[in-house]
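Following the hints, complete the assembly by docking chain B onto the known chain A.
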Amino acid sequence: MHAFLQYIQSYLDSDKTPGGAGNIFWATVYILLVFAGLSVAVIAMNWLERKILAHMQVRLGPMRVGPHGLLQPIADAIKLLLKEDIIPAEADAVVFWVAPFIVVLAAFTVFVVVPFGPTHAITDMNIGILFMLGVSSLSVLGIVTAGWASNSHYPLIGALRSSAQMVSYEVAMGLAVVSVILMTSLNEASTGTLSMIGIVQAQQAQGEWFIFKFFPLGLVGFFIFAIAMVAETNRAPFDLPEAESELTAGFHTEYSGFRWSLFFLAEYSAMIAVSSIAVTLWLGGWLRPFPNALTGPTWDLVFSLFPGITFLLLAVMCFYNTARMPKHPLFRVQTIGLAGFGVVLGLIGLILLIPAVRVRITDIFWFAAKVAAFMYLYIWYRGTFPRYRFDQLMKVGWKVLLPTGLVLLILTAIVGMRTELWAELQGAWRP
Amino acid sequence: MNPPVATPFFFYLLAATMIIGGVLVITRKNAVHSAMALITTLLAQAGLYLMLYAPFVAGVQIILYAGGIMVLFLFVIMLISIERAEKERQFNKQWLVGVIAAAALGGLFIAVYTTTTRGKVLFPEGRMTYGETQNTQAIAALLFDRGAGQYMFAFEIASLLLLVAIIGAVVMAKKRI
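Protein chains in written order, with the working numbering: chain A, 1 to 431; chain B, 432 to 608.
These are calculated hints, taken from the structure and not from any lab test. What you are looking at is a predicted structure, and each value in this text was computed from that prediction instead of being measured. Among the hints, a few may not be true.
Here are the simulated DSS-like pairs of lysine-lysine, each with C-alpha atoms no more than 25 Å apart in a straight line [unchecked claim]:
id : chain 1 : residue 1 : chain 2 : residue 2
1  : B       : Lys606    : B       : Lys524
2  : B       : Lys605    : A       : Lys399
3  : A       : Lys399    : B       : Lys606
4  : A       : Lys16     : A       : Lys51
5  : A       : Lys51     : A       : Lys327
6  : A       : Lys395    : B       : Lys524
7  : A       : Lys395    : B       : Lys606
Just chain A, with the same shape it has in the complex (with noise of 0.2 Å):
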């Protein structure tokens, strides 16, 4: 028992990922932790879509379960575990039933590498960039059986699209992504890195995020890599692989309850992967908006009270909501209940105040905080944008975001070396 007490204390010391530090403990937890806080994530994701997409258009959305609807996604989970599983009587039932878990666990695994922090990660790879292109290339693999083994007409054409699609934008993605890492080799040994943590240390070490690095270099990067991960997680304006108005609900028309669910939660933990993956490599990861030139104690203690305010800013607008909530009686649990939210939001702030744990929640706020705003971009273009015909997607695909991405690699290695290649002109025409 001691021993084991020892081994969980020893992590602490340390100052790695507990994958580095090769404790199995401290790695579970943080497995559990990740998947919890997803899992979170995804239901308020599901209640914010809905709520924001109601309101870009002047509706209310959800507002009968709970106050302001916030039981909702509880609700909906509880239907859909309730659901009878159908599977169809002509589909093949082995790739039919296999084909969810694919996604799912597609969609899961990157999270292994992604840095909330600078030990804040389950583990740091060599090849962490790399292996979360890899693995989430996976996820269409789930989405084409899905479609083939429904064996019927609509998920049979959503998935050919869908493949079609994923893999047209994969390209252009990994040409952005490369540009980043050209960046990343900026230094005195001239050595670039593929690991997540790296990158974004290498960020804070050229102190500037990559999408002000070499103007308008990095930005473009940033732009083609932003339009492509809509289209690679199957979003609006690029859901074509499930059209509503054209082929019912797409991939996964025939399936329900558990399983439709599954692909639900795999397409919004894919949003936050591809989210995280942007945040990492242009908008710094977990370092708070400037580190350079706003220093010094004042403004780190400023900066680290920033979690704790935002949830207290939360609790406040529970509160005015409270009440402003109708008096009738009819109401009355839901004002308690909602009360009760804004006294649990500010609680969250006040603990996320004490010095002792804002030290440790602080990289972790920021990063969360900028892959919220990717979030709340994914709906905006899901309420502004009308959808794209097929033709017009592979176009931009091919003929824009492709040569741009080429354009844009060739001039971000001649921009990064041009002190090098300069020499080298001087020296050849030197007689």
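Positioned in the frame of chain A, the structure of chain B alone reads:
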């Protein structure tokens, strides 16, 4: 220090997965089932690369084979009518040639594994623990480094070969460009 991943248990697990997957690829009548067995085999192979402390090769294996090529395989298979394909004759009864070829290949493997040239064995015993954390950088140095880079020419020739194949495919598929 981390405990080594390259334990015999994992090797036998991955090798067994590969062999079972490989046998399923050639015995399934349904082409999609074969493709899925092939994906399993390729993923297990990526695991073997990881055991050899070559994470970069493992990552490329997953991206290219499991994520890229197999998706295109499935894409093509879906366009084939499975009902008709299942009724057609699947095996062309050349088991004698097959057995001879397999035996020759197996013999070659055994010969390579057991021969010693100038007192050196091709497969030395013991575990390779070469730079796991710098694997990608080591590969880059072998390919592109000005001093030590020795495989650059071969690498470029291979990419030229692929380019020729791509252009050839486009020319064959599309007469008017």
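These are the hints, each one checked on the structure:
1. B:Lys606 / B:Lys524: 38 Å, violated
2. B:Lys605 / A:Lys399: Holds: B:Lys605 and A:Lys399 sit about 18 Å apart, inside 25 Å.
3. A:Lys399 / B:Lys606: 21 Å, holds
4. A:Lys16 / A:Lys51: This hinted pair is violated, its Cα atoms lying about 40 Å apart.
5. A:Lys51 / A:Lys327: 23 Å, holds
6. A:Lys395 / B:Lys524: 47 Å, violated
7. A:Lys395 / B:Lys606: Distance ~21 Å between A:Lys395 and B:Lys606 Cα, so the pair holds.
Violated hints for the displayed structure, listed by number in ascending order: 1, 4 and 6.
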